[in-house]
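Asks: Take the sequences, apply the hints, and build the full model.
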Amino acid sequence: MRDLTDLALNLAKLKGASYADVRIVNQKQESLEVKNGSPEQIKYSESLGFGVRVIINGAWGFASSSRLEKEEIERVTQLAIRIARASATAKIADVVLSPLQPVQANYKTPFVQDPFDVSIVQKLDLLLKAEALLRKEQQVKVARGSMTTWKEEKSFASTEGSFIQQQILHCGAGVMATAVRDGDVQVRSYPNSFRGNFASSGYEFIESLQLAQNAERVASEAVQLLSADHCPSEVTTVIIDGSQLALQVHESCGHPIELDRVFGTEASYAGTSFLTTDKLGNFKYGSPIVNIVADAITEGGLGTFGFDDEGVPAQSVQIVKDGIFVGYLTSRETAARLGITSGGAMRADGWNRIPLIRMINVSLEPGDWRFEDMIADTDEGLYLETNKSWSIDEKRLNFQFGTEIAWEIKGGKQGKMLKSPTYTSITPQFWGSCDAIANRNYWKMWGTPNCGKGEPMQVMHTGHGASPARFRNIQVGVMK
Amino acid sequence: MTDRGQTLSLLKKTLGLSADADQTEIFFWANDSHLTRFANNYIHQNVSEKNASLSIRVILGKKIGSASTNLLDPKSIQNTVAKAIQIARNQRDNPHFESLPSAEGKYASVNTFDAETASVTPDQRAKIARKVIEVAKKGHLTASGALSTGVVQVGVVNSLGIQVCQSFSRGALRIVFQASDGASGYAESFSTKVRQIDPEEMAHQAAEKCAQGAHPVDLPPGQYTVVLEPYAVGNMLEFLAYLGFGALAMQEGRSFMCGKLGQKITGQSITIWDDGGSPQGMPLPFDFEGIPKQPITLLENGIAQAVVYDSYTAGREEGKVSTGHALPAPNTFGPVPLNLFMKNGNSGLREMIESTERGIYVTRFHYTNPLEPIKAVITGMTRDGTFLIENGQIKKGVRNLRFTQSILEALSNVSLISQDTRLVSGLDDELGGTVVPALKIEKFNFTGATAAV
Ligand SMILES: [Zn+2]
Numbered sequence: 181m182r183d184l185t186d187l188a189l190n191l192a193k194l195k196g197a198s199y200a201d202v203r204i205v206n207q208k209q210e211s212l213e214v215k216n217g218s219p220e221q222i223k224y225s226e227s228l229g230f231g232v233r234v235i236i237n238g239a240w241g242f243a244s245s246s247r248l249e250k251e252e253i254e255r256v257t258q259l260a261i262r263i264a265r266a267s268a269t270a271k272i273a274d275v276v277l278s279p280l281q282p283v284q285a286n287y288k289t290p291f292v293q294d295p296f297d298v299s300i301v302q303k304l305d306l307l308l309k310a311e312a313l314l315r316k317e318q319q320v321k322v323a324r325g326s327m328t329t330w331k332e333e334k335s336f337a338s339t340e341g342s343f344i345q346q347q348i349l350h351c352g353a354g355v356m357a358t359a360v361r362d363g364d365v366q367v368r369s370y371p372n373s374f375r376g377n378f379a380s381s382g383y384e385f386i387e388s389l390q391l392a393q394n395a396e397r398v399a400s401e402a403v404q405l406l407s408a409d410h411c412p413s414e415v416t417t418v419i420i421d422g423s424q425l426a427l428q429v430h431e432s433c434g435h436p437i438e439l440d441r442v443f444g445t446e447a448s449y450a451g452t453s454f455l456t457t458d459k460l461g462n463f464k465y466g467s468p469i470v471n472i473v474a475d476a477i478t479e480g481g482l483g484t485f486g487f488d489d490e491g492v493p494a495q496s497v498q499i500v501k502d503g504i505f506v507g508y509l510t511s512r513e514t515a516a517r518l519g520i521t522s523g524g525a526m527r528a529d530g531w532n533r534i535p536l537i538r539m540i541n542v543s544l545e546p547g548d549w550r551f552e553d554m555i556a557d558t559d560e561g562l563y564l565e566t567n568k569s570w571s572i573d574e575k576r577l578n579f580q581f582g583t584e585i586a587w588e589i590k591g592g593k594q595g596k597m598l599k600s601p602t603y604t605s606i607t608p609q610f611w612g613s614c615d616a617i618a619n620r621n622y623w624k625m626w627g628t629p630n631c632g633k634g635e636p637m638q639v640m641h642t643g644h645g646a647s648p649a650r651f652r653n654i655q656v657g658v659m660k
Numbered sequence: 049m050t051d052r053g054q055t056l057s058l059l060k061k062t063l064g065l066s067a068d069a070d071q072t073e074i075f076f077w078a079n080d081s082h083l084t085r086f087a088n089n090y091i092h093q094n095v096s097e098k099n100a101s102l103s104i105r106v107i108l109g110k111k112i113g114s115a116s117t118n119l120l121d122p123k124s125i126q127n128t129v130a131k132a133i134q135i136a137r138n139q140r141d142n143p144h145f146e147s148l149p150s151a152e153g154k155y156a157s158v159n160t161f162d163a164e165t166a167s168v169t170p171d172q173r174a175k176i177a178r179k180v181i182e183v184a185k186k187g188h189l190t191a192s193g194a195l196s197t198g199v200v201q202v203g204v205v206n207s208l209g210i211q212v213c214q215s216f217s218r219g220a221l222r223i224v225f226q227a228s229d230g231a232s233g234y235a236e237s238f239s240t241k242v243r244q245i246d247p248e249e250m251a252h253q254a255a256e257k258c259a260q261g262a263h264p265v266d267l268p269p270g271q272y273t274v275v276l277e278p279y280a281v282g283n284m285l286e287f288l289a290y291l292g293f294g295a296l297a298m299q300e301g302r303s304f305m306c307g308k309l310g311q312k313i314t315g316q317s318i319t320i321w322d323d324g325g326s327p328q329g330m331p332l333p334f335d336f337e338g339i340p341k342q343p344i345t346l347l348e349n350g351i352a353q354a355v356v357y358d359s360y361t362a363g364r365e366e367g368k369v370s371t372g373h374a375l376p377a378p379n380t381f382g383p384v385p386l387n388l389f390m391k392n393g394n395s396g397l398r399e400m401i402e403s404t405e406r407g408i409y410v411t412r413f414h415y416t417n418p419l420e421p422i423k424a425v426i427t428g429m430t431r432d433g434t435f436l437i438e439n440g441q442i443k444k445g446v447r448n449l450r451f452t453q454s455i456l457e458a459l460s461n462v463s464l465i466s467q468d469t470r471l472v473s474g475l476d477d478e479l480g481g482t483v484v485p486a487l488k489i490e491k492f493n494f495t496g497a498t499a500a501v
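So the sequences go chain by chain: V and C. Going by the working numbering, the letters in the first sequence line up with residues 181 to 660, in that order. Going by the working numbering, the letters in the second sequence line up with residues 49 to 501, in that order.
To be clear, the hints were calculated from the coordinates, so they are not data collected in a lab. Nothing here was measured: the structure is a model prediction, and the numbers come from that model. Beta carbons: idealized from backbone N, C-alpha and C, even for Gly. Check the hints yourself; a few may be wrong.
What the hints assert, rightly or not - Dumping the calculated PhoX-like pairs for lysine-lysine here, alpha-carbon to alpha-carbon at most 20 angstroms: (1) V:Lys331 <-> C:Lys131; (2) C:Lys423 <-> V:Lys599; (3) C:Lys175 <-> C:Lys185; (4) V:Lys271 <-> C:Lys186; (5) C:Lys131 <-> V:Lys303; (6) C:Lys131 <-> V:Lys208; (7) C:Lys423 <-> C:Lys308; (8) V:Lys271 <-> C:Lys175; (9) V:Lys501 <-> V:Lys464; (10) V:Lys309 <-> V:Lys215; (11) V:Lys288 <-> V:Lys208; (12) C:Lys312 <-> C:Lys391; (13) V:Lys321 <-> V:Lys599; (14) C:Lys312 <-> C:Lys423; (15) V:Lys321 <-> C:Lys308; (16) C:Lys110 <-> V:Lys215; (17) C:Lys185 <-> V:Lys271; (18) V:Lys321 <-> V:Lys215; (19) V:Lys215 <-> V:Lys303; (20) C:Lys123 <-> V:Lys208; (21) C:Lys241 <-> C:Lys179; (22) V:Lys271 <-> C:Lys179; (23) C:Lys423 <-> V:Lys321.
To be verified - Label pairs and their calculated CB-CB ranges: (24) V:Leu194 <-> C:Asp51: 29 to 39 angstroms; (25) V:Val415 <-> C:His263: 24 to 34 angstroms; (26) V:Asp458 <-> C:Glu249: 31 to 41 angstroms; (27) C:Lys443 <-> V:Thr457: 29 to 39 angstroms; (28) V:Lys596 <-> C:Gln271: 28 to 38 angstroms; (29) C:Val265 <-> V:Thr456: 15 to 25 angstroms; (30) C:Gly307 <-> V:Met597: 21 to 31 angstroms; (31) V:Arg517 <-> C:Gly270: 37 to 47 angstroms; (32) V:Met597 <-> C:Pro143: 29 to 39 angstroms; (33) V:Gln594 <-> C:Gln271: 32 to 42 angstroms.
Replies: Following this line, the structure appears as structure tokens:
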């Protein structure tokens, strides 16, 4: 491996690169899907290739190829150099990288059993057993189960002398029941919508999800939703479950703290951010009980690794401290502009993409409430569970979320079920209205394997820890 | 990119490796893609990718296995075929599966490749980016955007005689200009031929929007008359395709077309069809199973007519055949139309504005997502050119608004349709596209607004 990375780095230096790095990445993926008692698909795929990133004349160039051969490495490195020279014809200032100590390292995400070593028969059995339980309810017209495993093996080498090899294993599973009656369609999922929950772990994580033990409950809820009343349109108190809150953190905190968005370099596609640098250290992001941390260290998170794709070691960075906005997700280039060192959030979704600032594990720290006490302490409101839809503006201020299900809370008791709940607010007002967060016993790491960013598009896996929390005076039920 | 003959011979050789299977399909995708991205008036990302992969689908009775690889040496290909067979052996029967499709009919002969577009150099891309940036600088604006050029080659062979391979070039430019007062403007253009993109003209359009939207003001949410540019109309059609124009969504009971065929679901002026062979769009003459794409009328004069099929969904219904709308196998998504058209009218943007006493002009939508798929309700924000229309004139910029709206309801309240249509991007970024007019729509629901912080 090292002879191949050396070939690219030496050629880049010879051609005048002030910096170069090369990544060789091999990704394997397996997905199993079952639907209504039949296997829908089993698919295995692999992708191997390399990408060379260079700075010449103070500007970036990147080129990549799937053919890991000496001649091709030379061609691609030359192309990256040519591209960087072209970039330099439309530059304003030279790229400066924050300092980094070179390392030689090896890292693997921990696991007990590799899902690729578990037989297809065994994996199908687990899914089909859970999926069959969903169909015990007659009005469940579509019952689904799915399981996905990703394994990434990558090598990173740079002209600064780093050489890092990593293996990252992610997997997860879920079930979903769709109940249909008289033109109404209601969905319930477990453990989360959009194919379940995911972790950097092994097959033991999939078994621990207990899909079969939860299937009948969610199927029955899907059917009950058909007869439930619509969520009313009003301003009220909401208690949001951990999985929905994980996505809330992702959309309204994780994206606006990406420092490249803040600097405008994602303006043409994903958008910018309201968390401009003048707000760092003084802006009231939320109420004093709101604390948010970005880390790549917590075991099991989809944002957990040894080193990011610039070779920066995994860290933990405080983002919101006692309600005040205090930190960003950074790269070496953006950190240098703030006069700090990189927090290690540069991630590429494959050999054929450049690393971008991506979320790692961006998590809401637990509070000190028991969930049951939070409900008992609420006179009137809604308890919302499991994401169904999301939308947020390009500065990440105005958002609207829909969840699969809600329950009325009256006089401190969880009451009747409501369908098609939605809530909408403005980010700092929303977090500013947070007055209770459940304690560590209710805190859980959630995996989001479908975060899109960049041109060309990159899909990233991010982690978000959260426990249920309460928010006051929130507009719910925007649809009449 | 290898030539068509070489690709087909690789695919046929691979097909020969799966003699153990009852049926086999080999799908090939190769791309040589380049993208130059700019922001804050300079090039900040500039990338290139060359990749090629094979996906193998094998059938053993009613068991299906799939495996894909981008390692194209003989040993790796053999391993991947063996992997697909091994998966199929361990798979269970899929009772709904009938057969892979067989070769029937011819696909439209249409030119989808331009050698110049396939071989644009980094210097040429930088030159185009500089042209856009120059216009922004002159107007004291900030340019961001991306120019992509390149070529995709798609090939399919199967053991029942399917054998197709074609290359598709594409040049695309997307521009956002931002002014210091919060106004922004957008322009997008793409074509098989990069030569047909006019970066300066597009830059002037984006700059003009910044001028029209200067000093944006807050507008309360509520029902408004809207004038939607083709970018926004195309986004609505994309969601119709995603939520309900495919047979699987119908068969699973989650499409807004369910039980509505032959019934009126939008206003009478609305006709929507798919045509992969039309050179007016971005032609894609066959689908990812190698079946010729049939032109399909989905909605005619407001009446729901049909949905599109692939071989699997066609096999599940008596008397149906694939219409040539399969995505690459295997997928759980089902067939979708990638070449949508909406029938034009006889109005124009100017007339739409002049006939509006009070309304909102929308350039494009952002971060749209479905809320209630069965009613085609979506929510999203306006972006990059939202204006207040008063007394037949664009008065000023409006801070971005959130809409929550059933697309079908919106298409029932259309009062004017433009004569001019525009090619805008569809469900897939690399192939296909949507051709739509501008629309004037009454009673469009805005449910929120962004705020200044
Ligand atoms: Zn995201």
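Asks: If you test the structure against every hint from before, which numbers come out violated?
Replies: Of the numbered hints given earlier, the structure breaks none, since each of them holds.
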